[in-house]
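J.: Given the structure of chain P, go ahead and fit chain L onto it with the hints provided.
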Amino acid sequence: MRGLLRRMGGATPATVRVIVLVALSVAMMLIDHRTQQLEKLRNILQTVVYPIMFVSTIPRDLIQGLTGSMERSENLQSDNESLRQENLLLRSRLEKLHSLEADNRRLKRLLGQSEQIAERVLLAELVEVSLEPYTQKISLNKGSRDGVYVGQPVINGDGVIGQVVHTSQFQSTVTLLTDPSSAVPVMVMRNGLRGVLFGTGVRNRLAMPYLTADADILIGDLLISSGMGGRFPTGYPVATVTDVKQQPSDEFLTINTLPVTQLDHGREVLLIWPEVVRTRKDEVLQELVDE
Amino acid sequence: MNSLSVLLSFLVALMLSSLPLPDMAIIFRPEWLMLVLIYWCMAIPDRIGIFTGWLLGLILDVMYGSLLGQNAMALAIIAYLVNIFHLRVRVFPIWQQSFMVFMMAIIYLALTAWVRGIAGGFPITWAYWMPALTSAFVWPFVYIALKDLRRQRVSSREL
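Protein chains in written order, with the working numbering: chain P, 1 to 291; chain L, 292 to 450.
Chain L on its own, in the form it takes in the complex:
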C-alpha cells in the first residue's frame, strides 16, 4: 500500500542520523530513526514491528561503526514497547504522545549507554540525555509530516 513512503522515510531518517553537524549541534541531534520507527509502529503495527526495528538498528550500528547489535537491541525493544501501547497512545493528544516519545528516548539512550558502559567506559554527562528532550520536541513535526505523507499516498491511490 504505502511501502514506498515507509522505505523513503526510513532512508531519510538514516541520512539525518549521519548528516555532518558541528560538534555543538550533535549533542542536540534527535534520534531520528527511533522517531520514524515509533510512528510506523503505531500507524501500521501489523507490518512494521520488532523485526524492522532490529534490522534498522543493525544498519545504524554499521553506519556508526559501533558494536554490532547495540542499536539493534535497543530499537527492537522500543518497537516492542510501542507495539504493546500503540492502541492507547494512538488516541493521545500530540503533547501526550511527545511525553511518551520522551520516555521511549530515555529507555533507548539508557540501553545504549548500558552497552557502551560495559564494552568500554565512556563518560556519561547530562548532555548525553539531551536527545531525549529534542526528540520529544520534534515529535509533533515528524508526526504531522509522516501523517501527510501517508494520507497523500493513500488518497492518490483512491483517485
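Bound conformation, chain P alone:
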C-alpha cells in the first residue's frame, strides 16, 4: 500500500494522512455546523473527557471549600437573618401572584389562548471549567440523564441566561445570550413591540437590529422573551435598552441592550421545561355555558 502511494505522484504517507484527516475534519465541521448528526459522537467522547474535566475542577473546589468554610462560621448568622427577611417578603408577594395568576388564566381561557402551565424547573450548578476563550459558553452539571435537551432555555433568578447547545450524560453546555451565535425573540414590555436580540460576542452587550426609525423604543425599556419560535417561554426578562441611535445613512436603528442578569456571576442556574397546554375554544365556551 505504501509503495503504491509512493509510486503515485511521490506523496509521502504523512502527507496523505494529513490531507485525509484535514478533509475529514472539514466534513465533520460542516455536518456539525449544519445538523445535529454528530451529537452521538460528541456524547461518546464526552464520557472520555468527563473525568479529565472533573479532576481539573478539584483545586478550585478545594480552595473554595476552605475559604467557604471560614466564611461560613462568620457570616452564617447574619446571612440567615437576611435570608429569613427576604423569604418573608417574597412569600407575601407570592400570595398576591397566586391570585393574579388565577385571574390571568381565566382571562386567557376566555380568549381561547394557549395556556401556559407552571413550568417544571431543575436547579443546575455551573461546572467551574474554562472553555474556549472568546466564546460565551458555560458547562452545567446536569445532562441528558436528567432530561436536559438541546435548545432548552436556561434562566436564573433575574432572567434569561441562554440555551443548551450540547448535552451528554452528566453534563451540558450552555450558550450564553452574548455569544455571537445566540438569538432570542423578545418584545418590549411597555408596548409589545417585537424584535430579536442577537449576541455580539462582547460581554454585557446585546444588539437588536432590524427596527425601523419609527419604532417606539426608549432607553430603559425592559425587553422580555416573547415566546415566538417556541423555544423560550413568554415573559422572562432578558435585557434593558441602554442606547438607541439612528445613523442618518441607515434606515434601521442601532440599539444596544444590557442583559438583566449578570451572565458571568453566580454558580446556580435553572433549567426549565416549558409546558404548553392548548385549550380548545369550544371547550371553553362549553364551560362558560355550564357556569
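Mixed in with the good hints there might be a few duds.
The following label-pair restraints were derived from C-beta to C-beta distances [unchecked claim]:
1) Pro51/P / Pro431/L: 28 to 34 angstroms
2) Gln443/L / His265/P: 42 to 48 angstroms
3) Arg379/L / Val150/P: 46 to 52 angstroms
4) Pro59/P / Trp386/L: 27 to 33 angstroms
5) Ala27/P / Gln443/L: 46 to 52 angstroms
6) Asp61/P / Asp337/L: 37 to 43 angstroms
7) Met394/L / Pro59/P: 52 to 58 angstroms
8) Ala436/L / Met70/P: 57 to 63 angstroms
9) Ala27/P / Pro431/L: 36 to 42 angstroms
10) Tyr149/P / Gln387/L: 36 to 42 angstroms
Chain L residues, not near chain P, derived (Cβ > 12 angstroms throughout) [unchecked claim]:
11) Ser308
12) Val380
13) Arg381
14) Phe390
15) Ala401
16) Arg407
17) Phe432
Rather than coming from a laboratory, the hints here were simulated on the basis of the structure. Note that the structure is predicted; figures quoted are calculated from it, not measured. For glycine and all other residues, C-beta sits at the position ideal for the given N, C-alpha and C.
T.: Using the frame of chain P, we list chain L on its own:
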C-alpha cells in the same frame, strides 16, 4: 517504552487546558496541548504524529464544546509541520525552538480563528494572539520537564 509518560503528559495538558482561571488569566493561557504534542512529535516521531494530534484535537473540541473538528484539524496540521521539520528543529538551541513554537502557535491560532470566523463571527483582537507569546515563553520549561520525565523512565528501565 514510555507510553505511560506520554499518556500522562497529554492528560495533564488537557487538564491545564480546562483549568478554571480568572478572565484576565485566560487571555494568557498557553496552548498546553499543542506544546506537549510538539514535544512528543519531535522526540518519538515514529509513534506520535498526525493521527495522535488529530485525536487530541477532537478531545479538546468536545471539552470546549466547540465545532467538532476545529482543533482536530489545527493540531493534525501542526503535527504534520513538526513531522517535516523535526530533524532540523531537534538540534536547535532552545531559544530558537521557542521561536519555532511561536510560529506554530500563530498557525494554530490562525487556523482556529479562520474556522470560528466562518462558523459565526467573533471579534479578533490583539489579545487573541497572546497565547502564541506565552506558549513560546513556557516552551523551555515544558521541554525540560518532559525531557526529564522521558530520561527518568528510560533509565529506570535500564537499571
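J.: Now, for every hint given, state plainly whether the structure supports it.
T.: Going down the list of hints, with the structure as the test:
no.	hint	in the structure
1	Pro51/P / Pro431/L: 28 to 34 angstroms	holds (30 angstroms)
2	Gln443/L / His265/P: 42 to 48 angstroms	holds (45 angstroms)
3	Arg379/L / Val150/P: 46 to 52 angstroms	holds (47 angstroms)
4	Pro59/P / Trp386/L: 27 to 33 angstroms	holds (32 angstroms)
5	Ala27/P / Gln443/L: 46 to 52 angstroms	violated (42 angstroms)
6	Asp61/P / Asp337/L: 37 to 43 angstroms	holds (40 angstroms)
7	Met394/L / Pro59/P: 52 to 58 angstroms	violated (32 angstroms)
8	Ala436/L / Met70/P: 57 to 63 angstroms	violated (34 angstroms)
9	Ala27/P / Pro431/L: 36 to 42 angstroms	holds (38 angstroms)
10	Tyr149/P / Gln387/L: 36 to 42 angstroms	violated (52 angstroms)
11	Ser308	violated (8 angstroms)
12	Val380	holds (16 angstroms)
13	Arg381	holds (17 angstroms)
14	Phe390	holds (23 angstroms)
15	Ala401	holds (14 angstroms)
16	Arg407	violated (8 angstroms)
17	Phe432	holds (19 angstroms)
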